[in-house]
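Asker: Letter by letter, the chains look like this.
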Amino acid sequence: MMRTLLVILMFLSPLTAAGECLTRGTGDLGIVIERASGSIKVLDTSRHEVLFRVEGLGDLSHASAVYSRDGRYAFLFGRDGGLSKVDILCGTVVKRLVQGGNSIGGAISQDGSLVAVSNYEPGGVKIFSAEDLSPVADIPATPLETGEKLSKTVGLVDAPGQRFAVSLYDTGESWIIDMQDPKAPAIRRFTDIGRLPYDALITPDGRYYITGLFGQDGLSLLDLWYPEKGPRLILENYGKGEEKLPVYKMPHLEGWAIAGHRAFLPAVGRHEVLVVDMSNWSQVARIPVHGQPVFVMARPDGRQIWVNYAFPDNDTIQIIDTESLQIVKTFKPGKGALHMEFTPRGEEVWISIRDKDEIQVYDTQTLEQTHSLPAEKPSGIFFTSRAHQTGL
Amino acid sequence: MRLKPAVPNLLLTALTITLAGMASADIAPERQAELLYLLKHDCGSCHGMRLEGGLGPSLKPERFRQWDTETLAAAILYGRPGTPMPPWRPFITEPEAYWLAGQLKKGIQP
Numbered sequence: 001m002m003r004t005l006l007v008i009l010m011f012l013s014p015l016t017a018a019g020e021c022l023t024r025g026t027g028d029l030g031i032v033i034e035r036a037s038g039s040i041k042v043l044d045t046s047r048h049e050v051l052f053r054v055e056g057l058g059d060l061s062h063a064s065a066v067y068s069r070d071g072r073y074a075f076l077f078g079r080d081g082g083l084s085k086v087d088i089l090c091g092t093v094v095k096r097l098v099q100g101g102n103s104i105g106g107a108i109s110q111d112g113s114l115v116a117v118s119n120y121e122p123g124g125v126k127i128f129s130a131e132d133l134s135p136v137a138d139i140p141a142t143p144l145e146t147g148e149k150l151s152k153t154v155g156l157v158d159a160p161g162q163r164f165a166v167s168l169y170d171t172g173e174s175w176i177i178d179m180q181d182p183k184a185p186a187i188r189r190f191t192d193i194g195r196l197p198y199d200a201l202i203t204p205d206g207r208y209y210i211t212g213l214f215g216q217d218g219l220s221l222l223d224l225w226y227p228e229k230g231p232r233l234i235l236e237n238y239g240k241g242e243e244k245l246p247v248y249k250m251p252h253l254e255g256w257a258i259a260g261h262r263a264f265l266p267a268v269g270r271h272e273v274l275v276v277d278m279s280n281w282s283q284v285a286r287i288p289v290h291g292q293p294v295f296v297m298a299r300p301d302g303r304q305i306w307v308n309y310a311f312p313d314n315d316t317i318q319i320i321d322t323e324s325l326q327i328v329k330t331f332k333p334g335k336g337a338l339h340m341e342f343t344p345r346g347e348e349v350w351i352s353i354r355d356k357d358e359i360q361v362y363d364t365q366t367l368e369q370t371h372s373l374p375a376e377k378p379s380g381i382f383f384t385s386r387a388h389q390t391g392l
Numbered sequence: 393m394r395l396k397p398a399v400p401n402l403l404l405t406a407l408t409i410t411l412a413g414m415a416s417a418d419i420a421p422e423r424q425a426e427l428l429y430l431l432k433h434d435c436g437s438c439h440g441m442r443l444e445g446g447l448g449p450s451l452k453p454e455r456f457r458q459w460d461t462e463t464l465a466a467a468i469l470y471g472r473p474g475t476p477m478p479p480w481r482p483f484i485t486e487p488e489a490y491w492l493a494g495q496l497k498k499g500i501q502p
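Residue numbers (this note's numbering), protein chains in the order written: chain F, 1 to 392; chain W, 393 to 502.
Since the hints were derived computationally from the structure, they do not count as laboratory data. A couple of the hints might just be wrong.
Said to hold, decoys possible - Listed next, the in silico EDC-like pairs over lysine to aspartate or glutamate satisfying Cα-Cα at most 16 Å (straight line): (1) Lys149(F) with Glu121(F); (2) Lys329(F) with Glu368(F); (3) Lys356(F) with Asp315(F); (4) Lys332(F) with Glu358(F); (5) Lys335(F) with Asp313(F); (6) Lys229(F) with Asp192(F); (7) Lys335(F) with Glu454(W); (8) Lys452(W) with Glu358(F); (9) Lys335(F) with Glu444(W).
Claimed, not checked - To be clear about the criterion: a stretch of chain F counts as covered by chain W if any three or more of its residues have a C-beta under 8 Å from a C-beta of chain W, and this derived list gives those stretches: (10) 59 to 71; (11) 242 to 249.
Owing to the predicted nature of the structure, the values given are computational and were not obtained by experimental measurement. Cβ coordinates follow ideal geometry from the N, Cα and C atoms, glycine included.
Produce the entire structure from the sequences given, and follow the hints as far as they go.
Answerer: Spelled out as structure tokens, the structure:
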């Protein structure tokens, strides 16, 4: 009797036991990284429920994920060099390997067949088969002048034409890696793009690869339709002669917010969001904000920009109206508001609140919180809609 | 004769323990916990949550063998010009920086 009851209870529990696979679509699912415990949770964004918790994924500080094109598998990139393929319908780790000593992120190829990982240690890019994570290519970064170390690689993204783009932090380069022939990667190297590139993004259409520079003003822009023209510096006069504030957390460029012909991006070392006209890459406005922005994310319809901030202002979120460029709401969801992810059509945004061990869900019309889900020290949230977006 | 060096060593050990005891006694246990949380989550955003390095270098004790506590505390308080390392002085006092530097040299896993 007791046992039957227990079985029924288990069946009713939203937290399905691992190994028992679900029969359903994945279009409304996602994952959240629980960075301190080396685990992830699989999320159902329609029912606002946790479906699975998957453990044993190593050091997930600064972890990120991409999805297989069928939206069933998440590829996780851990700080410890771990690359894990997780089946989100079963809540299981299909395969896991430690491919490097210290990594920063990864990307999946246009056709979904290859997964690339960007490493700090040893610096370079490694490429694996998305099917079984078997090695396909190992591309070491440029050695440093000072010794045997190789440059750290940052800002790895996928690009149309079965290519990857990556930047080299120490040596100031951007590379395009063409994987049309997986056995013979063709690498195009652009040197002197600027000092200390720290992150990069690709515009949603896959045309422009833009690299943020920590060591100087401006950003490096590479037009992937015309790579032969080489990278050029944009916004180089931004903030000239102004004292920068110390940076307590590097901003993220992935998911650079684009609304209409305008792009919104975090200013480095300043309490500002920059607005750029993408037709000529000129700065059209600077919006004063609460702190140093980390993520500047556009609601999918482009009407709002949601911004979170670096330490010590990471308890605050602000929402900017993209027409008036005014801040329409400022609120404090809790300390360690680390990451935001919009549902595919933008009616909700899910926010990780590290110090409250929860994910808060907001209605993007009313701007009010509607749900809360438990998660241990949550950081990145990644929904399966990323499976079909270049650069995510 | 053989005992002779042992005495100053013992004294030195006692002195070191007292100093270390005094240093940590200056910082309340709750504040120590806060500092380690900061080390893990905020320093960790560049140096890795396990302090094994990221965009910023590793903070493991092997790296600091050649560093004295003063130098390390100064790097925490004032940052390292020419690198992305920012000054933490607005958030950390001098004794706290010395305490953190000592913990790092010892090899702490926050």
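Asker: Now, for every hint given, state plainly whether the structure supports it.
Answerer: Cross-check of the supplied hints:
no.	hint	in the structure
1	Lys149(F) with Glu121(F)	holds (8 Å)
2	Lys329(F) with Glu368(F)	holds (10 Å)
3	Lys356(F) with Asp315(F)	holds (11 Å)
4	Lys332(F) with Glu358(F)	holds (14 Å)
5	Lys335(F) with Asp313(F)	holds (8 Å)
6	Lys229(F) with Asp192(F)	holds (14 Å)
7	Lys335(F) with Glu454(W)	violated (33 Å)
8	Lys452(W) with Glu358(F)	violated (31 Å)
9	Lys335(F) with Glu444(W)	violated (25 Å)
10	59 to 71	holds (count 3)
11	242 to 249	holds (count 4)
Comparing the model with each earlier hint shows violations of hints 7, 8, 9; every other hint is respected.
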